[in-house]
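Its first residue numbered -17, the sequence shown is counted upward by one per residue in the numbering used here.
Misleading hints may appear alongside valid ones.
As the list claims (entries may be wrong) - Label-pair distances were calculated between CB atoms; the ranges are:
| hint | residue 1 | residue 2 | range |
| --- | --- | --- | --- |
| 1 | F12 | G38 | 18 to 26 Å |
| 2 | S66 | L(-12) | 27 to 35 Å |
| 3 | D2 | L41 | 18 to 26 Å |
| 4 | L62 | S0 | 23 to 31 Å |
| 5 | S49 | L24 | 34 to 42 Å |
| 6 | E16 | A40 | 17 to 25 Å |
| 7 | I(-4) | I21 | 31 to 39 Å |
| 8 | F42 | L64 | 15 to 23 Å |
| 9 | F42 | I3 | 27 to 35 Å |
| 10 | I60 | S0 | 39 to 47 Å |
| 11 | L(-10) | L25 | 19 to 27 Å |
Quick caveat, the hints were computed from the structure, so don't treat them as lab data.
All residues carry an ideal CB built from backbone N, CA and C; glycine is no exception.
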Amino acid sequence: MIEKALLLIIILRIFSGSIDIGAAMLMLKFNDLEKAFYINTLLALVGPCILIITTGIALFGLAEKISLTRMICLFGGIFLILYSLKSN
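Produce the complete structure using the sequences and hints provided.
What follows is the structure in structure tokens.
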């Protein structure tokens, strides 16, 4: 039996991959570098959102198996990754 949290993460990753494939098809259809750049920029918003959501789901599913200290460290690591993306 597959866990609900794992199934939800799998579905989100399939959805994210489908968005990427759909974006690639749009780029091919438009055949324009500016539009491809715009579509790619929109994709840059999807990746971090999926990362945060799937990590949150995994941590919620593992909440009873992971200590509070490890959970704080994981959230701190995610925060540092996102902060480093925004810093100049």
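Supplied distance hint 17 to 25 Å, evaluated on CB atoms of E16 and A40: Given about 37 Å between the Cβ atoms, the range is violated.
Given the hint of 34 to 42 Å, check if S49 and L24 actually sit that far apart at their C-beta atoms. Given about 38 Å between the Cβ atoms, the range holds.
Is 23 to 31 Å a correct range for the gap between the Cβ atoms of L62 and S0? Since the Cβ atoms of L62 and S0 sit about 29 Å apart, the hinted range of 23 to 31 Å holds.
Against the range 18 to 26 Å, how does the distance between the Cβ atoms of F12 and G38 compare: consistent or not? violated (34 Å)
Determine whether the Cβ-Cβ distance between D2 and L41 falls within the hinted range of 18 to 26 Å. holds (24 Å)
Indicate whether the distance between the beta carbons of S66 and L(-12) respects the range 27 to 35 Å. holds (28 Å)
State, for the Cβ atoms of F42 and I3, whether the hinted interval 27 to 35 Å holds or is violated. holds (28 Å)
Could you see if the CB distance from I60 to S0 stays within 39 to 47 Å? Taking Cβ atoms as reference, I60 and S0 lie about 24 Å apart, which means the hint is violated.
Honestly, do I(-4) and I21 meet the 31 to 39 Å range at C-beta? Violated, since I(-4) and I21 (Cβ atoms, about 20 Å apart) do not stay within the stated range.
19 to 27 Å was suggested as the range; check whether the CB atoms of L(-10) and L25 agree with it. Given about 22 Å between the Cβ atoms, the range holds.
Does the Cβ distance between F42 and L64 fall inside 15 to 23 Å? holds (19 Å)
The structure fails hints 1, 6, 7, 10 (numbered hints given earlier, in ascending order).
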